[in-house]
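Undergrad: Okay, here's what each chain looks like letter by letter:
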Amino acid sequence: MFKEKFSEGIISAKQFNREDIEYILKQGRKMIRVKNSHILNGKILATLFFEPSTRTRLSFESAMYRLGGNVIGFHSADVSSFKKGESIADTIRTVQNYSDCIVMRNPLEGAAILASRFANIPIINAGSGSGEHPTQALLDLLTIKEECGTIDGLNIGIVGDLKYGRTAHSLSLLLSNFEVNIYFISPRELSLRNRYKAYLQERKIKYKEITRYRNILDILDVLYMTRIQKERFVDQEEYEKVKSAYVFNEEDLEKTKENFKLMHPLPRITEIHPNVDTYSDKAIYFKQTGYGLALRKAILAELMID
Amino acid sequence: MFKEKFSEGIISAKQFNREDIEYILKQGRKMIRVKNSHILNGKILATLFFEPSTRTRLSFESAMYRLGGNVIGFHSADVSSFKKGESIADTIRTVQNYSDCIVMRNPLEGAAILASRFANIPIINAGSGSGEHPTQALLDLLTIKEECGTIDGLNIGIVGDLKYGRTAHSLSLLLSNFEVNIYFISPRELSLRNRYKAYLQERKIKYKEITRYRNILDILDVLYMTRIQKERFVDQEEYEKVKSAYVFNEEDLEKTKENFKLMHPLPRITEIHPNVDTYSDKAIYFKQTGYGLALRKAILAELMID
Amino acid sequence: MFKEKFSEGIISAKQFNREDIEYILKQGRKMIRVKNSHILNGKILATLFFEPSTRTRLSFESAMYRLGGNVIGFHSADVSSFKKGESIADTIRTVQNYSDCIVMRNPLEGAAILASRFANIPIINAGSGSGEHPTQALLDLLTIKEECGTIDGLNIGIVGDLKYGRTAHSLSLLLSNFEVNIYFISPRELSLRNRYKAYLQERKIKYKEITRYRNILDILDVLYMTRIQKERFVDQEEYEKVKSAYVFNEEDLEKTKENFKLMHPLPRITEIHPNVDTYSDKAIYFKQTGYGLALRKAILAELMID
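Residue numbers (the working numbering), protein chains in the order written: chain R, 1 to 306; chain S, 1 to 306; chain H, 1 to 306.
If you are wondering where the hints come from, they were derived from the structure by calculation, not from laboratory data. Some hints here could point you the wrong way.
Given that identical chains are not distinguished, each listed pair holds provided it fits within a single copy or across any two copies.
Pairs of lysine-lysine residues, derived as DSS-like cross-links and limited to a Cα-Cα distance of at most 25 Å, are as follows [as the list claims (entries may be wrong)]:
1) Lys26 - Lys5
2) Lys83 - Lys197
3) Lys208 - Lys282
4) Lys3 - Lys35
5) Lys30 - Lys243
6) Lys206 - Lys163
7) Lys163 - Lys84
8) Lys230 - Lys83
9) Lys255 - Lys208
10) Lys230 - Lys145
11) Lys83 - Lys287
12) Lys26 - Lys83
13) Lys255 - Lys35
14) Lys230 - Lys30
15) Lys83 - Lys163
16) Lys287 - Lys255
17) Lys163 - Lys208
18) Lys84 - Lys243
19) Lys241 - Lys145
20) Lys206 - Lys35
21) Lys84 - Lys287
22) Lys255 - Lys30
23) Lys230 - Lys26
24) Lys83 - Lys243
Quick caveat, the model's predicted, so the values are computed rather than measured.
Using the sequences and the accompanying hints, generate a full structural model.
TA: Shown next as structure tokens:
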């Protein structure tokens, strides 16, 4: 059923209704305890990364090996025929002959949709420009579910560059399937785009847009930090003024609830102070990478098992 | 027998007589239906790519995994000791300790021969500068054989930069084993080098050199397009004048015979219009990549099975 | 026992006492005859190379596959999140969720120690700046043991940039566990650092520092050549004066003892003349790469077998 619905792959968080999410989280949960398996023996995953990645690529590759499969691919546009001017459509129509599923990261927002239109095997969108990164959002939900016991009823803050941040986009779309209060926290010029807000409004999701998280730390169950790139600010003086408001530190942690969880898709640059790392009951961003492996095993298994 | 003759590897299309070609095409044909196998369990293929590649590297790697083997290698000269000034001879004498067969692409024309002189395991030339690319030509013949039912008796046009195009060189050499009429189509300054023409003449192959293909579209069975790089033209005005003559479009397709086949080693940049792609009975360049996988499985199996 | 002692990994040659070395050389010797095995089935090695490598990375990867395991990783800092500013500590705490052991090369001298402090799986230092490269030194000892029959009692010359050469550092530290005479041969400005000399003195190792090897060729059992980078010389005229004194040639070979062995960690640029290569009883640097594979198989097996 999941396999049929997602036969073209996982392109956008919008493909997922609540039932789909609950199903894949249940499968992800099972995978936490399955270290190795042979269910994908003989299968090949192609990982086509036109942009750098550590976590996403390596977790997909590890997941594939843990399930008995193999991996081909490239890690940089420079070593592929993209450098010679080949189109995504042509690359996809070639690589599908060599593999059973394609994971692609590309700087263009529409790249994953385009790829899925030309492919006869499932495409997994591993980040498409400032668009989406749906498997990151799914692993974020698995993390919340496992660490908080529930998703419904939570107060969830999402901090950072919400305009260009593909992780924040996909997470917001997925959360629209749950009874949550979302706080979108960003500088005004980097607030969530209207199209995402319209989607949430249609689905009657309660959300607020604010520019600081320090006032609401005592009510949050989850704070999801993301990176704000200096270069995104039109006014660099403005950046200097606000940047410390987006660096989570030990003092912040003290103001949080007992069951509070701090998350981050990583890489983290300066936006969480390293001292916070030691509070591993609340600072769960490294654990999150472990849930990522389990979730990606579940996805690969669902899409490729015969 | 094949294994003994090719124990040093596959360096040039000149190594192949008609019997060798027919044998490897027969093996390639069998591999079309063998999705997975264990015949190369425990074997390691090294893919040493000093130049970018999508199709060649990924199809060799996929072929190796489909047969049960493993792969090591590098995809860019920048990440190897080549960057520190190591010679090809030293690289080969090292890597042969870690693998059972080496696939190499290198910008120097003589690289593959040099490598095979120092190696004690088979070397497969995956493109040596403006020299040769023999496994591409073998997969081209497999494609022709499977799609046209025969190679003998065909009228085959080869278009593009025939002076520097390694694919065109290897294909011409292989075709000299068959009863074909070849049309070499290129701007005059990029015509086939004398050494290749001399080889064809010795073997009494009928060929013509022309600068346009549009007049002969109605007699061709196969048109093999390749890329002409703008940079190859001494006179850029000349390039602007001729370039449209080397872009295959829908109108061209209408002038072709019912069983006409359009091929391309890919990547294709502008030399075939995307509209042509939809005529998949005649436009077989993506199917060609599938035959490539089968042919490379056959080659790896032949060279490495104990 | 080995596994317990080295549960944090292999960071420095200083971790090894004579018993440890003899144990791992014995295991390495056994691996020479074991081509393939399944002892690491289901295990994943991560190879994180922030600097280029041919031998080290490919031999670890080949070793892993020969033992039945799999490999993930990156070959250049450019394709990882390091490019976005991620710290080594964060990269390690992520990748340990995807793998069973990490091999890392990094331009910073303290990188491997730092990594092992944060990791909960073994870290193998595959070169840390101008610091150490302990598995290279272990394979050098395996080579000496197998080719000379003994390590004790030998006269061993180590030539090159001893100040910055991490291979020379680790080899010197390991040799301090044996009864050897070491000749350190380098231009004065590139002589061994005091900290390494102090270590040898403490352990009562007989060593001499000289600037030329030609006078002692008749007493040496092993000469270990390494590269001197032109850029290391403050005075380029000085470099031009001395450089030929550091190029081993055929005439040098004639002055050596019957059982003399010439070694090199490779890549070799100009410091051994290619004519010397043909004297394969004395010039054993390519054989050395084969011992490297065996030794690395032994290390991976020791660190990862359950």
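Undergrad: Does each hint hold? Answer for all of them.
TA: Against the structure, the hints:
no.: 1; hint: Lys26 - Lys5; verdict: within (17 Å within a copy, 40 Å between copies)
no.: 2; hint: Lys83 - Lys197; verdict: neither (37 Å within a copy, 32 Å between copies)
no.: 3; hint: Lys208 - Lys282; verdict: within (24 Å within a copy, 57 Å between copies)
no.: 4; hint: Lys3 - Lys35; verdict: both (22 Å within a copy, 21 Å between copies)
no.: 5; hint: Lys30 - Lys243; verdict: neither (40 Å within a copy, 58 Å between copies)
no.: 6; hint: Lys206 - Lys163; verdict: within (19 Å within a copy, 64 Å between copies)
no.: 7; hint: Lys163 - Lys84; verdict: between (32 Å within a copy, 19 Å between copies)
no.: 8; hint: Lys230 - Lys83; verdict: between (29 Å within a copy, 15 Å between copies)
no.: 9; hint: Lys255 - Lys208; verdict: within (20 Å within a copy, 63 Å between copies)
no.: 10; hint: Lys230 - Lys145; verdict: neither (32 Å within a copy, 56 Å between copies)
no.: 11; hint: Lys83 - Lys287; verdict: between (37 Å within a copy, 23 Å between copies)
no.: 12; hint: Lys26 - Lys83; verdict: neither (41 Å within a copy, 35 Å between copies)
no.: 13; hint: Lys255 - Lys35; verdict: neither (37 Å within a copy, 58 Å between copies)
no.: 14; hint: Lys230 - Lys30; verdict: neither (40 Å within a copy, 55 Å between copies)
no.: 15; hint: Lys83 - Lys163; verdict: between (29 Å within a copy, 22 Å between copies)
no.: 16; hint: Lys287 - Lys255; verdict: within (22 Å within a copy, 61 Å between copies)
no.: 17; hint: Lys163 - Lys208; verdict: within (15 Å within a copy, 60 Å between copies)
no.: 18; hint: Lys84 - Lys243; verdict: between (40 Å within a copy, 18 Å between copies)
no.: 19; hint: Lys241 - Lys145; verdict: neither (36 Å within a copy, 64 Å between copies)
no.: 20; hint: Lys206 - Lys35; verdict: neither (39 Å within a copy, 51 Å between copies)
no.: 21; hint: Lys84 - Lys287; verdict: between (40 Å within a copy, 21 Å between copies)
no.: 22; hint: Lys255 - Lys30; verdict: neither (34 Å within a copy, 59 Å between copies)
no.: 23; hint: Lys230 - Lys26; verdict: neither (38 Å within a copy, 55 Å between copies)
no.: 24; hint: Lys83 - Lys243; verdict: between (37 Å within a copy, 21 Å between copies)
The structure shown violates the earlier hints numbered 2, 5, 10, 12, 13, 14, 19, 20, 22 and 23.
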